[in-house]
Amino acid sequence: MKSRTSFLGVCCLLLVTACATPSKQFAKVAINSGFADFSINTGHFTHQLYINERARHPSPAGVVHVYLDGDGTPWEQQRWISDDPTSRNPIILELMRQDNKPSLLLGRPCYHGFNKETACHHKYWTSHRYAKEIVSSMVIALKRWVTLHPCQHIVLIGFSGGGALAVLMANLDPNIQSVVTVAANLDTNAWATYHHYQALSGSLNPAKLTLNTQLQQIHLAGLKDKVVPASLIKGFADKQVNVRYIAYPHFDHHCCWVKEWPTILSLF
Numbered sequence: 014m015k016s017r018t019s020f021l022g023v024c025c026l027l028l029v030t031a032c033a034t035p036s037k038q039f040a041k042v043a044i045n046s047g048f049a050d051f052s053i054n055t056g057h058f059t060h061q062l063y064i065n066e067r068a069r070h071p072s073p074a075g076v077v078h079v080y081l082d083g084d085g086t087p088w089e090q091q092r093w094i095s096d097d098p099t100s101r102n103p104i105i106l107e108l109m110r111q112d113n114k115p116s117l118l119l120g121r122p123c124y125h126g127f128n129k130e131t132a133c134h135h136k137y138w139t140s141h142r143y144a145k146e147i148v149s150s151m152v153i154a155l156k157r158w159v160t161l162h163p164c165q166h167i168v169l170i171g172f173s174g175g176g177a178l179a180v181l182m183a184n185l186d187p188n189i190q191s192v193v194t195v196a197a198n199l200d201t202n203a204w205a206t207y208h209h210y211q212a213l214s215g216s217l218n219p220a221k222l223t224l225n226t227q228l229q230q231i232h233l234a235g236l237k238d239k240v241v242p243a244s245l246i247k248g249f250a251d252k253q254v255n256v257r258y259i260a261y262p263h264f265d266h267h268c269c270w271v272k273e274w275p276t277i278l279s280l281f
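Just so you know, we're using the numbering used here here: the sequence shown kicks off at 14 and counts up by one.
Nothing false has been slipped in among the hints.
Here are the computed lysine-lysine pairs in the PhoX-like style, where the Cα-Cα straight-line distance is at most 20 angstroms:
no.	residue 1	residue 2
1	Lys272	Lys237
2	Lys156	Lys145
3	Lys221	Lys247
4	Lys252	Lys221
5	Lys237	Lys247
6	Lys156	Lys114
7	Lys114	Lys272
8	Lys37	Lys129
9	Lys145	Lys221
In short, the hints are calculated from the structure, not lab data.
Predicted model, so just to flag it, every value in this text is computed and none were measured.
All chains should be modelled from the sequences, with the hints used to inform the complete structure.
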């Protein structure tokens, strides 16, 4: 009887875990990592933030690292639009967990459980994932957080699609002094052509921007990356000023950024 009860308990636990949404799974990992959760409404979208201990009381003259996650899962099996696009494999949290600087994850509109909000049409995680209104809301949310927690120097750190957003945000807030991208989609048209995808018709393309020359830029690429080829990242970097492009011969889109992250943090 005891064995049967234990078996049923395990089955129930597995069922609950399997039914948990990507947003809830992401939140669980974030909270278990010691991050506090916080949300900001910009009047159009709501943004989820996860904040490490040091970012709760940053130095007004200090630096804050702002992490931006990738596109997550906009499509299920590349055929059906996802109900919840939040990342299933939150590498961004693994990176942030190793960061001893004041750090926060700034969530995207319609991610992290806000996909049912009135403003959240599924286009905002498919064709319009880097739309002007998405970028504007991200900047407003960041400025509101800085108003509550003043700091002098913001470093945007974007992984994959989050790198595209980092570049698109960079010229829009004077507190942003550095941009670091990791395996980032910095040319959406070339990326869509490479994969034979439809163009992101409602999105801004980072490749069309020249960032402020005062901004420090670091763009990291894996030479084995088949999701965002290194050539796309290098093509963007070659057109910029005050930039470092670093290619890792044995890295792909997911490996081995987490392992190398402590060393990468020393670059900025």
